[in-house]
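Protein chains: 2
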Amino acid sequence: MRKIKELGEFGLIHHLSSRLKFRASDSILGIGDDCAVYPVKPGMNEVISTDALVENIHFKLSTTTPEALGRKALSVSLSDIAAMGGTPKRILVTLGLPERISVSFLDKLYSGFNEICNQYKVELAGGDTVSSPKCFFINVAVIGEAKRVFTRKGAKPGDLIFVTGTLGDSSLGLKLLDKKKKGGKDNKLLIERHLNPTARVQEAGILARSSINITSMIDISDGLVQDLYHICKASKVGARIFQDKLPHSPEFARTCDKDSIPPLPLLLNGGEDYELLFTLPADGVKNLNRQFLKAKVLVTQVGEITLKPRKVSLAMRDGTTETLSESEGFNHF
Amino acid sequence: MRKIKELGEFGLIHHLSSRLKFRASDSILGIGDDCAVYPVKPGMNEVISTDALVENIHFKLSTTTPEALGRKALSVSLSDIAAMGGTPKRILVTLGLPERISVSFLDKLYSGFNEICNQYKVELAGGDTVSSPKCFFINVAVIGEAKRVFTRKGAKPGDLIFVTGTLGDSSLGLKLLDKKKKGGKDNKLLIERHLNPTARVQEAGILARSSINITSMIDISDGLVQDLYHICKASKVGARIFQDKLPHSPEFARTCDKDSIPPLPLLLNGGEDYELLFTLPADGVKNLNRQFLKAKVLVTQVGEITLKPRKVSLAMRDGTTETLSESEGFNHF
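Top line first, the protein sequences correspond to chains P and B. Under the working numbering, the letters of the first sequence match residues 15 to 347, in that order. Under the working numbering, the letters of the second sequence match residues 15 to 347, in that order.
Bound-form chain P, shown alone (with noise of 0.2 angstroms):
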């Protein structure tokens, strides 16, 4: 019998879907994206995307709070639009329900569920609950509009690599949350950052508007290195990216330090931060900067796209350059 494990989850991804046959005439982007994309009218494409949860695999309910949840899980699926340059609309929740599961822990679910449909003008259309005794899970399904679409194919040899945000907060957040180490104001920021994560779609959005030539995107769920490699594999280049160039918070620093926590690894390898991963020419910069600086948001050049198809290395501090291996991400399996 073969595993699942075996072949990973994109290797399974793209084992089931050679099986499937039918393609829409009009579809501009099927399986092997952060969503797929279709025209829906002349100069706008519909995105859409689908992402579950399922407790003790991508949440504990003793290190979260339902209201968290909720928001957390709308969050990943707006950052999947997001990613692709879109604004959500609407979305579709399915809720598998133990019986241990309270309306009054729905109440507050919903009430995080709520925060988010409010804060990014997305509409909770509709949905199913359904009875599941042995595992509580929730499926979000998400739609979005996109006059243009960023995938992760279009990278070019050149083409300059940049995130949004700060990377390994949300990495470091989880380990001192399984370490119980919930006390003092960093941590507590750390810790907040991995439960409540931000859809960076106001960061998409400027994107979108903007004239900048964006190559291509992604939002980074499973850590720099790995969505680092979806965008050279879909674009057949590769990457350098510098060590000194990766951004990191405050918190993440001086929590890495007192703690003694090497903090390449978490800025390298570090899922769930949500940040945007695109690439651009060089003559984009100063547009780049002067929007996002304009918005008051962080952008930060961390890499370089090169000739070299699908190797992503690292230009160390002391002048060494290092191969980054796929693998070391987060694997759902």
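Hints should not be assumed to be uniformly reliable.
Which copy? The list can't say, so a pair holds if one copy fits it or any two copies do.
[Claimed, not checked] In silico SDA-like links for lysine to any residue, alpha-carbon gap of 20 angstroms or less:
id, residue 1, residue 2
1, 148, 72
2, 35, 133
3, 199, 277
4, 17, 116
Hints are computed from structural coordinates only; laboratory data are not their basis.
Based on the hints, put chain B in the right spot on chain P.
For chain B alone, kept in the frame of chain P given last:
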């Protein structure tokens, strides 16, 4: 602790959706029908829905094949689109996978997906596969298009009530499966009707393209009576159905007879037939019958809409009338 069971599925949906404050300005129909509805361009609406199937709640691996499960998981969702008079276009599939599910099982499941996608010209556009150690689940989100949208709301006293196909086959098939009575041509057909239901997309298309004034529509997933109650509540009317008019297959009649199974409870409350239940004024009946005859598909008048709100009654063969209870259909919790 208030339990979900106390509210029931529909009470829960009502309770939770009242907490959601954001409504899109262009939203035509939100939570509470088979699908949510949005305009995408002049004269065209989008209809969206989602459905989850959980192992040992909605299916058992001991009584179905992976291919049939794949077909049914999609058909059930396509039926929601049909219920609104829509044409399904694309789906997103989430799989929650325990380790015991093998790649070859998934290959067969996808063969089932592929069959339905080809049959209905629906594209499986994306999805999510997640590890779910304790339970196997499938979530399907489906997006369709509809020029005319048929909702549950709009039935008027005096309208006539119709169903497509036959009733009770699926629930009788399930009974036979549970009793392991798989032999014989009749049993095989009934079991097949349970494991491999047909989404009435063709019939919905006939209605949508016709000029018939369909005043309300739903698909029968929870049983004729319960789904008729959904129409009555949304439309603020009542209904009378006639025992003698309830359509059943010859296989159903023979098997009930042979096994001494009372047919009426199955016809009234048996779930998962996925037939369409709809209403129209009497002056549309000729046109309706002509169109369905031409397409060689079955449609039967089973009753009429009455003034008395929220009361569904059954005119019995012996001339008496009985009020039918809403709660006898399939309850999801």
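Now the hints, each set against the structure:
In this assembly of identical chains, residue 148 and residue 72 lie within 20 angstroms of each other by CA distance both inside one copy and across copies; the values are 16 angstroms within and 13 angstroms between. Taking identical chains as interchangeable, the C-alpha atoms of residue 35 and residue 133 lie at most 20 angstroms apart only when they sit on different chains, with a minimum of 11 angstroms there against 39 angstroms within one chain. Only within a single protomer do residue 199 and residue 277 lie at most 20 angstroms apart by alpha-carbon distance; the minimum there is 19 angstroms, versus 67 angstroms between protomers. Taking the shortest alpha-carbon separations for residue 17 and residue 116, only the inter-copy value of 5 angstroms comes in at or below 20 angstroms, while the best intra-copy value is 35 angstroms.
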